[in-house]
Amino acid sequence: MDRYDEIGEILDRCLDLLRGGQVTIESLIEKYPEYQEALKPPLEAAAWLQGKALAFSLSPGFVASSRRRLVERFRNREVNDLGYTLHVLGNPFISFTEVRAHYGNGVLSFLVVVVLLIGYRNLIHPSLLIPPARRYIEPGQTGARKILVLYLVHKTR
Amino acid sequence: VENIELTHETSDTELLKNAQNGVSEAFGEIYSRYARIIFRFIFANLNNRLDAEDLTEEVFLRAWRTISEYRERGVPFLAYLFKIARNVLIDYYRQEGRAGGHMSIEEKSFQNLQPDPGETAIANLEHQELRKTLDKLREDYRTVLILRFLSGLSPEETGQVMGRTPGAVRILQHRALSALRNLLDI
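These protein sequence lines map, in sequence, to chains A and B.
Our numbering applies: residue 1 is where the first sequence begins, and numbers increase by one.
Our numbering applies: residue 1 is where the second sequence begins, and numbers increase by one.
For reference, chain A alone in the conformation it holds in the complex:
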């Protein structure tokens, strides 16, 4: 263990005692006189920080009321998701970040799969193609084959 590790550990021990409120900085430094210079400044800063930590308390009753509210929302998740999905479908300008924040990252994979499936089955239907590509595509051909044929037609033109 090098000196930095040692000081780090001693400081941590002192901080635990300081948090307990039964010791003073002076008494801690007396306990480790050889580390006085290394311990005094951080202990003073820690005492200052601890004094300010009270300002970071949650409003009284917040956790209990917030918990009730959240659990209720979790229970209604399915209903909310349906409502949200309708909201997303009705709003073409909604950002993807917002959608992802609602559904989680799984939505990206899901959308990719849906788009691929739609494209695979429908988008490259022979009736939608302009000649001469249409004559190379036959009904019933797989999507991958259609894409290959289209690519070759495009390349040869």
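A couple of the hints might just be wrong.
Unchecked claim - Only pairs whose alpha carbons sit at most 27 Å apart, straight line, appear in this in silico DSSO-like list of lysine-lysine:
#1 Lys17(B) to Lys83(B)
#2 Lys52(A) to Lys40(A)
#3 Lys136(B) to Lys52(A)
#4 Lys136(B) to Lys40(A)
#5 Lys52(A) to Lys83(B)
#6 Lys83(B) to Lys132(B)
#7 Lys52(A) to Lys132(B)
#8 Lys136(B) to Lys83(B)
#9 Lys132(B) to Lys40(A)
What the hints assert, rightly or not - Residues on chain A that point at chain B, a partial pick, calculated with CB under 7 Å:
#10 Ile10
#11 Asp12
#12 Ile29
#13 Glu44
#14 Ala45
#15 Arg67
Just so you know, the hints here were simulated from the structure itself, not pulled from any lab data.
None of the values given here were measured: they were computed from a predicted structure.
A virtual CB, placed ideally from N, CA and C, is assigned to each residue, including glycine.
With chain A fixed as given, assemble chain B onto it according to the hints.
Relative to chain A, chain B alone:
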């Protein structure tokens, strides 16, 4: 599934397992255990208490939505929550920036202090003073101090969140406190 008995002694692992099976009360218990820790982290990075409370709820909402993807063997749950909290803060700042709502600490402290009487005003002053001082520190110094002294995490837990060993956290904490002491007039 909602009839599973949950007590304060139920382990986090068990709660997580139940939450992953859709038991919302199990996640409610997780919320009770970690809400204060997450709130303090968020509030240390914000000036507005009400926003911090809203964002704390948002962290747990996002955690609930992605809980099925969480695997305990990968990242400890606390670190997972802090990762979400960081993202929530980033989104919040982005939104504030987009809406042109970004204000300096001085502007916000003035705004926050006006409607608050007595003790709340003093707490706000303390909060603003701490924020201003911590903002002068390096990012990793600030983070280690927030996690250790405001969120109240152990060196081991802080290490999980920051991706460092407990020993490295203790050294970082020593350096951060020394740097903080240089900024203080005490």
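Tested hints:
Restraint check: the Cα-Cα separation between Lys17(B) and Lys83(B) comes to about 20 Å, which is no more than 27 Å; the hinted pair holds. Under the criterion of a C-alpha separation no larger than 27 Å, the hint pairing Lys52(A) with Lys40(A) is consistent with the structure, at around 19 Å. Between Lys136(B) and Lys52(A), the direct Cα distance comes to roughly 16 Å. Compliance with the 27 Å bound is thereby established for this hinted pair. Between the alpha carbons of Lys136(B) and Lys40(A) the distance comes to roughly 21 Å, so the proposed pair stays at or under 27 Å and holds.
At most 27 Å may separate the alpha-carbon atoms for a hinted pair to count; Lys52(A) and Lys83(B) meet this at roughly 25 Å. The suggested pairing of Lys83(B) with Lys132(B) holds, with an alpha-carbon distance near 24 Å, which does not exceed 27 Å. Between Lys52(A) and Lys132(B), the direct Cα distance comes to roughly 12 Å. Compliance with the 27 Å bound is thereby established for this hinted pair. Between the alpha carbons of Lys136(B) and Lys83(B) the distance comes to roughly 23 Å, so the proposed pair stays at or under 27 Å and holds.
At roughly 23 Å between alpha-carbon atoms, Lys132(B) and Lys40(A) fall within 27 Å of each other, so this suggested pair holds. Interface restraint check for Ile10(A): the shortest CB-CB distance to chain B comes to about 9 Å, outside 7 Å, so the restraint is violated. Hint status for Asp12(A): holds, given a least beta-carbon distance of 5 Å to chain B, under 7 Å. Here the hint on Ile29(A) is broken, as its CB sits about 14 Å from the closest CB of chain B, past 7 Å.
Interface restraint check for Glu44(A): the shortest CB-CB distance to chain B comes to about 6 Å, inside 7 Å, so the restraint holds. Taking 7 Å as the C-beta cut-off, the interface hint given for Ala45(A) holds, the closest approach to chain B being about 4 Å. Contact between Arg67(A) and chain B, as hinted, is supported at the beta carbon level, the nearest pair being about 5 Å apart and thus within 7 Å.
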